[in-house]
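S.K.: Note that the protein sequences, when read in sequence, are chains W and H. The first sequence begins at 1 in my numbering and counts up one residue at a time. The second sequence begins at 1001 in my numbering and counts up one residue at a time.
To be clear, the hints were calculated from the coordinates, so they are not data collected in a lab. Warning: the hint list may mix true and false statements.
As the list claims (entries may be wrong) - Covered stretches of chain W, as calculated for chain H (at least 3 residues, CB under 8 angstroms):
1) 117-125
2) 129-137
3) 166-173
Since the model is a prediction, treat every value here as computed from it, not as a measurement. The C-beta atom is built at its ideal place from N, Cα and C for all residues, glycine as well.
For reference, the chains in residue letters:
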Amino acid sequence: MSAGIETWVDEHGDALYNYALSRLRNPSSAEDVVQETFLAAHRSLSDFSGRSSPRTWLIGILKHKVIDLIRKESREQPIEEIETMEAPEEEFFDRKGHWRIKPVDWQVHPGKVLEQKEFMAVLLQCLKHLPDRLHRLFILRELEDMSSAEICKELEITSSNLWVMLHRARMRLRGCLTENWIGGQSC
Amino acid sequence: MLTCKEVSTLVSESLDHSLPLRQRMGVRFHLMMCSMCRTYKKQTLQLRDAMRTYARREPTEHLSKEARQRIKNALKTDGK
């Protein structure tokens, strides 16, 4: 039956790879986790009922593998280390808590497809520069759409830690987008 | 009155859990008076929307020929 699955590698390999790469950032980890997914699918092919599409089924397996890997990486980085690092707040606020750099509208118009594409390209670059620990949490929250409670349980962190880290990720991304997004300013 | 720094934290937190009434009122009051924090709030929501678009986008990267072959070879030998 491996011949059938091999066809799936050609048909769905890119979609799975993109899914993994957007969550893990590292191409070799993404390839490994895609390979593990196809092997797991091969071993449990009898569970595939055909009620969902093969791609949906494969992505379901991949999703678990990605979260397992994120959990493993997160355990290797103790939370105490996180608490003292990556505090961008000081860059953006003065001692009285006022904005040091005034937030400026990004001017992305929903109808302008090209402008949105360019905006997404800048966002991708900004995501690449996010520190690993912030990236992991941000991805689970915003791409996997996991709730705060689920993330805290998976990664064994407190909710207050999670919220601080997510805020820092958003502040960094917002700052990076403001610095690098020039669309909308030209006519 | 809450500072902009406090409001920025609470606006972000409101995307992850519902704030107690008192904080919610404090944020709302501050936002009425402060256009900079209103812009900040708009940006956090735009960021969330952009991530949803990102999650749904068509594949842009390709699995290399080598990786593809490696996976196929692994499947052939799997369970043998």
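S.K.: Hint by hint, say whether it matches the structure.
M.R.: Against the structure, the hints:
1. Here's how the stretch 117-125 of chain W fares: 4 of its residues keep a CB closer than 8 angstroms to some CB of chain H, so the rule of at least three is met and the hint holds.
2. Evaluation of the coverage hint for the stretch 129-137 of chain W: breached, as 0 residues show C-beta separations to chain H shorter than 8 angstroms, against a requirement of three.
3. For the stretch 166-173 of chain W, the stated coverage by chain H holds: 5 residues have a C-beta nearer than 8 angstroms to a C-beta of that chain, and at least 3 were required.
Of the hints listed earlier, the one the structure fails to meet is number 2.
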